[in-house]
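Chemist: Chain residues, written in single-letter form:
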Amino acid sequence: MPSLESAAMTILVPAGAVHDSTDKCGLATLACEMMLRGCGPRSSREFITDLENLGVQRGESVGISHASFGAATLSKNLPAAIKIFADLLRRPHLPADQLDAGRLVVLQELSAIDDDPSHKVMLELKRHHYPDPWGRPSEGEKPAVESMTIDDVRAHYQHFFRPNGTIIGVAGRINWPALRDQIGELFADWKPIAAELPAAGATGKQLEHFPHESNQTQIGIAYPTVPYRHADYFRASGAVGVLSGGMSSRLFTEVREKRGLCYSVYASYHTQRERACVLCYAGSSSDRAQETLDVTLGELQRLANGIEAAELARLKARVKSSLIMQGESSAARSGAVARDWYHLGRPRTLEELGKLVDELTVESINEYLRANPPQNFTVVTLGPAALSVSA
Amino acid sequence: MPEFRTAELKNGLQIIAECSDDAYSTALGFFVNTGSRDETDEVSGVSHFLEHMVFKGTPQRNADDVNREFDEMGAHYNAFTNEENTVYYAAVLPEFQTPAVELLADIMRPALREDDFCTEKKVILEEIKMYEDQPPYGADEKCRAWFFGQHPLSKSVLGTADSVGQLRVDQMREYFARRYSPKNVVLAAAGKIDFDELCRTADQVCGRWEAIDSAREVLPAAPNIGFHLVHKESSVQEYGMLMSLGPAAVDADRYAAKLLATVLGDDSGSRLYWELVDPGHAEHCSLHHHDYIGAGMFLTYMSSDPEFAADNLHRIAKVYKDVESFGITQAELDQAKSKINSRVVLSSERPRGRLFTVGGNWIQRREYRSVRNDLDAVEAVSLAEIATVLKKYPLTQATTCVVGPLSELAH
Numbered sequence: 004m005p006s007l008e009s010a011a012m013t014i015l016v017p018a019g020a021v022h023d024s025t026d027k028c029g030l031a032t033l034a035c036e037m038m039l040r041g042c043g044p045r046s047s048r049e050f051i052t053d054l055e056n057l058g059v060q061r062g063e064s065v066g067i068s069h070a071s072f073g074a075a076t077l078s079k080n081l082p083a084a085i086k087i088f089a090d091l092l093r094r095p096h097l098p099a100d101q102l103d104a105g106r107l108v109v110l111q112e113l114s115a116i117d118d119d120p121s122h123k124v125m126l127e128l129k130r131h132h133y134p135d136p137w138g139r140p141s142e143g144e145k146p147a148v149e150s151m152t153i154d155d156v157r158a159h160y161q162h163f164f165r166p167n168g169t170i171i172g173v174a175g176r177i178n179w180p181a182l183r184d185q186i187g188e189l190f191a192d193w194k195p196i197a198a199e200l201p202a203a204g205a206t207g208k209q210l211e212h213f214p215h216e217s218n219q220t221q222i223g224i225a226y227p228t229v230p231y232r233h234a235d236y237f238r239a240s241g242a243v244g245v246l247s248g249g250m251s252s253r254l255f256t257e258v259r260e261k262r263g264l265c266y267s268v269y270a271s272y273h274t275q276r277e278r279a280c281v282l283c284y285a286g287s288s289s290d291r292a293q294e295t296l297d298v299t300l301g302e303l304q305r306l307a308n309g310i311e312a313a314e315l316a317r318l319k320a321r322v323k324s325s326l327i328m329q330g331e332s333s334a335a336r337s338g339a340v341a342r343d344w345y346h347l348g349r350p351r352t353l354e355e356l357g358k359l360v361d362e363l364t365v366e367s368i369n370e371y372l373r374a375n376p377p378q379n380f381t382v383v384t385l386g387p388a389a390l391s392v393s394a
Numbered sequence: 020m021p022e023f024r025t026a027e028l029k030n031g032l033q034i035i036a037e038c039s040d041d042a043y044s045t046a047l048g049f050f051v052n053t054g055s056r057d058e059t060d061e062v063s064g065v066s067h068f069l070e071h072m073v074f075k076g077t078p079q080r081n082a083d084d085v086n087r088e089f090d091e092m093g094a095h096y097n098a099f100t101n102e103e104n105t106v107y108y109a110a111v112l113p114e115f116q117t118p119a120v121e122l123l124a125d126i127m128r129p130a131l132r133e134d135d136f137c138t139e140k141k142v143i144l145e146e147i148k149m150y151e152d153q154p155p156y157g158a159d160e161k162c163r164a165w166f167f168g169q170h171p172l173s174k175s176v177l178g179t180a181d182s183v184g185q186l187r188v189d190q191m192r193e194y195f196a197r198r199y200s201p202k203n204v205v206l207a208a209a210g211k212i213d214f215d216e217l218c219r220t221a222d223q224v225c226g227r228w229e230a231i232d233s234a235r236e237v238l239p240a241a242p243n244i245g246f247h248l249v250h251k252e253s254s255v256q257e258y259g260m261l262m263s264l265g266p267a268a269v270d271a272d273r274y275a276a277k278l279l280a281t282v283l284g285d286d287s288g289s290r291l292y293w294e295l296v297d298p299g300h301a302e303h304c305s306l307h308h309h310d311y312i313g314a315g316m317f318l319t320y321m322s323s324d325p326e327f328a329a330d331n332l333h334r335i336a337k338v339y340k341d342v343e344s345f346g347i348t349q350a351e352l353d354q355a356k357s358k359i360n361s362r363v364v365l366s367s368e369r370p371r372g373r374l375f376t377v378g379g380n381w382i383q384r385r386e387y388r389s390v391r392n393d394l395d396a397v398e399a400v401s402l403a404e405i406a407t408v409l410k411k412y413p414l415t416q417a418t419t420c421v422v423g424p425l426s427e428l429a430h
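Chains as they are written, first to last, in this note's numbering: chain A, 4 to 394; chain B, 20 to 430.
FYI, nobody ran anything at the bench for these hints, they're computed from the structure.
This structure is a prediction, so every number in the text was calculated from the model and none was measured.
A few of these clues could be false.
No more than 25 Å apart at the CA atoms, straight line, and that leaves these computed lysine-lysine pairs for DSS-like [claimed, not checked]:
#1 B:Lys140 <-> A:Lys261
#2 B:Lys141 <-> A:Lys261
#3 B:Lys140 <-> B:Lys161
#4 B:Lys356 <-> A:Lys86
#5 B:Lys211 <-> A:Lys358
#6 B:Lys148 <-> A:Lys123
#7 B:Lys148 <-> A:Lys261
#8 A:Lys319 <-> B:Lys211
#9 A:Lys79 <-> B:Lys356
#10 A:Lys319 <-> A:Lys358
#11 B:Lys411 <-> B:Lys337
#12 A:Lys323 <-> B:Lys211
#13 B:Lys202 <-> B:Lys29
In isolation and in its complexed conformation, chain B is listed as follows (with noise of 0.2 Å):
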């Protein structure tokens, strides 16, 4: 069984990790509490801007460096930011647990050098053109600036070519040192770990970082109902967006609100897949039940032959209307639960797979949550949860993006 292990330096940042000794490999991450709900409008997209500018080195190494070190150990590593969290991390085999501490550790204080910022500034903006050249065309970002209205979770990730364009780097700077504060840091690790190593390595390369107060506020989502249409020429198939509440990363019922996103919109043999994609009338139409820290969001997404984008919607008002007035079955619900718990067991057996898991619990919750804990959370699911969730969060009641060839779309 594996063992959850956890300790805090005196800055404040916090070790956790998940060490199970029959495993092959080690996974590794700084988990930093910042993302794009952290931003002004000013700066907008300088969360994922300086993930980036990570990578491109520190006072000790250049970006050369960094890639090659990783290189050397074979590590398999990568970055992400989304709304509420930036993530590094590295797979290495366990014998080099400590040299990627180090390194991960060391790039976690970059030097954010002019020069590497002008260069990287080009690679983001053609970042933001490639979003810009596929779907949705950037529409889903505008659906959920539509949709939070003034919360800070209707911020882009990417911001836009404007806000990248003009950003400074002492702008990076400010917010770097404001936000990376150890306070706002979790190490994860999760797979063959030596936790008291990994401990004696922490004090060593991040013990000396320097402690500031950065709280989030965290503000109640009063979110706008309504419908647009984004005319996109040279798009061939037509893309609709639903966003609604849905439970929140701290609240009880998430678990439900996944079993019913997978009941109403798995990618197979859910309802919208039965009446949409199984006869052809959609190429893709799912749901999905996203948490973030005070508010949560149901997210409908669907592609189709432009022609049926009106009846495909009709469609899914219709499903969700059902499901509202008569709720779902004993059946369903089993099913789901099947589904989501070989999920959680296929994913669970890499530590890479497990790392998300363990560090993403903690930074949002600060919980911790075995396999055994997530299967028993969602076989305790009852008819009856599930029942609260369609009336707490209705999924009809929505904002609707649709982008595409049409100009005009009835709905």
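Isolated chain A, as found in the complex (with noise of 0.2 Å):
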């Protein structure tokens, strides 16, 4: 991406929440938290400012597969930042001495999730969704925070910080044999761990509730779909995109267009290596939150009847300049790069993705929602009553 001045890199090690014990929930994050606390010769500060004065606009997250560490900066700069991230990597302290502040930021960020409804109703309903372990919050439960040691945080780091299915993903200006010895340098002497992933259990139930003192009636509704990495992905996400993508979409027109049912609603595709689903959001007046479950899952069944030329025609326009802005972001394809090395073991160029979307055609998306129609929802809300849903 010579036109760029930046660099970014985004590192995918396979240490997420679905390792979590049911006792520990939380554990993956807190120890994310805690790893940030000091490693190789820097102090927890010093690791801070030492990332600051390179510019490096930092991130971490903890999802149900992988904790995430993204980075961005100007390209000069990147070398001495993946030589810091090295550190965090392979040397963090884990310092017992920061342990009740690692779990008090933890602590806090549940609380927080608390106020906010919508983000709390769609924790719940992928907990509901997907089996057990793999629905699971990554943000944790607090009892299980509450009693977590410095020794289950460094087991954790132990047995899941490992090169193999670690990914680092690099976008922007960057000197490429100059990167890969220098990741070589950094990496190669890494000892593999053997980790075996949890089994899918149980789902939860298909109709929740949660009883809130608020305005809105938070809904949340999930039905399955196939993951990314499926011969199928392009004509069931190009699907998901009519329903929700752009202000023509059958969501946006029938909730909120021509009904004034709700300020926020959308559709989105959320996927796993091995499974995924359609998440779907909607807040509204309690008063009117059944109408709005009521039309949105009618929207959502319609679908199965088809989608037309001219919705497709949108979507083809919308993914397209997506794709050619996505390249203008070194930030977001390093993303990109790095998630598609998980799901199929490769990049996808921007031209390839181009190509696919423009082979999806309105019969063979047809044919995938006859074969395939929304269904088996799952549905949770939030809110001061419960909703029906009829059959």
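Put the two chains together into one complex, using the hints given.
Modeler: Here's what the structure looks like:
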């Protein structure tokens, strides 16, 4: 990406919340927080100061499969930043005297979710829809986080931070031979560790309500679809784009524009490696929440009748411009490259993606929808009163 | 190197563009010099409501047409309203420059139909309810009202359920006619732009807009200092806001203010971060500088377990007292410069990012600043200038508003 001054990297380590045992929900997140508190020759403060002196914009998050570390900076500073991240991944101090502080950080983030009803409903939706432990909130649970010890944190690090399965995606203005050699020097002697993924257990209830004192009722709906690496992915995600992508999409038009039922309504594709679902959200005044749920579910079911040529044309235009604009951001590209490697074992070029989208037809999407109509909905609501789902 | 170009239509509409031949996309926006500070109490929230209505159609197009045509271009488009501007924008591939300008310009002369107004009012009321359910539960707007008192910057952008509920379409039409005069509008563009074509299109589609004088009265702010506790039983966390004066939009010391806010209250590695967030006393604590025409503001935002709230307010006060007494170090200033410079470069890579900077600079200051100009301005800030800002705008002279489950709080 020679037009850019920046370079960005996304590091995915297969140390996500799926490895948290039932009584230690949140351990992966606490371990990630503790890793930032000093590594290699650097104290907690030196770690952050050194990165900030390099102008590194960073972000960490723990998802179900991976702990992710993102960094973007001016390209000339990337090699120095990679060196610091190598210390983070391989030589964290995990200091016992900072465990209480790290724990408080995680506990306060949990409390913040309790004050964010739209976030909370979507976490509960994933927890109910996916088979345990694949839907667990990586943010954790208060009693578990309160009980964790520094030994738990260190054990998590020792079992799951490893080179096998770790992916470093880099994009932007980079010097590939130098980057490859540097990564080799910093990581080649890192020892692999075997780790198995947990099997998929039971799913939660298909209809669940959480009482909450609020003006609006939050509605979350999920239904199964194919994962990103499946041959039908582009047909399935194309259908979701018709539901929710741009303001002419069906959900926006039917739920917000025509009826004024809510400010925010959307559907999005959510994929893991082995399974995926479509996540839908709507937040509406409690007295109109039932109508909002009925109209939204109606639109999901109507999708099975097929999409129209004009809808597909708009979808293609939107995806094409998104792809080209992704090429304008090193951070966006590095994330996409790393995720592709995880799901497919290789990155897809923007040209390849464009070709796959061009090949979509109304007939191919409708054929997919006839065979795979949106169904088996999981519905989670949060608000003053429960809603009903008609058969 | 990007080239900056300007033009003006006969009716006063200004056209500005930062043209970069190597960009992949084109970002376009109409920046309207109107926002909540231009409203009276009777029409509180009308600027933001009008922003929604602009997408509901024109004499030539209904709302479906507007949304469909933007989506046919694959546009990434939206709008936002704040205290002093309303901005409509679209990022498209360069081949759609002309149709995107035509469509944006058309919706800038909306039909404002009554039935659309009634439907959209429901959406706005939902938006107000949504924010009432989320932290800080409207306390940010209350804090602003207390801080600015009678000054126009005290006005809420969203308005209230009452003010929006009672608003009539004729009031909105009157506001529109007065505020959306071409003299009050800038067409801005960034990225791969055919500027001559942009001017031709603008002349065709905006040239007949009627010019009306629509000056904004700019008064000095005389802020109120005080402490307010808002009881919100259902909240889990306690949220605190502190507002104090800062440099305004045209003040030369605004760069020093931004660097000071970074040193003291950036999301990571700042004094507040080390004092409150890293030890786990607060979930979040940050300081930002906001500049408006005629006044500026430093805003501190803190959220934490209610048990720690009083202690956290003392910690914040101590950080501010210390910095007012002893200033900051050169190492802190250098670190903040690195952070800001990196952010300026990264956020400028996309034409969309540049559009907001280029358009925002022009509508606020009638000034073009390249990325290089901003980097140089940041680089030039000295410790002495930071000291001047600290003296002129004491952070300890603030209005504090705390909202959450606590019914009393020592301060």
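Chemist: Against each hint, give a clear statement of whether it holds in the structure.
Modeler: How the hints compare with the structure:
1. B:Lys140 <-> A:Lys261: holds, 12 Å
2. B:Lys141 <-> A:Lys261: holds, 11 Å
3. B:Lys140 <-> B:Lys161: Cα-Cα ~22 Å, so holds.
4. B:Lys356 <-> A:Lys86: Given pair Lys356 (chain B), Lys86 (chain A) holds - Cα atoms ~22 Å apart, limit 25 Å.
5. B:Lys211 <-> A:Lys358: holds, 24 Å
6. B:Lys148 <-> A:Lys123: OK: Lys148 (chain B) and Lys123 (chain A) at ~17 Å, within 25 Å.
7. B:Lys148 <-> A:Lys261: holds, 19 Å
8. A:Lys319 <-> B:Lys211: holds, 22 Å
9. A:Lys79 <-> B:Lys356: Status holds; Cα separation ~16 Å.
10. A:Lys319 <-> A:Lys358: Holds. Lys319 (chain A) to Lys358 (chain A) sits at ~11 Å (cutoff 25 Å).
11. B:Lys411 <-> B:Lys337: holds, 19 Å
12. A:Lys323 <-> B:Lys211: Distance of about 17 Å is within 25 Å: holds.
13. B:Lys202 <-> B:Lys29: holds, 10 Å
Comparing the model with each numbered hint stated earlier shows that all of them hold.
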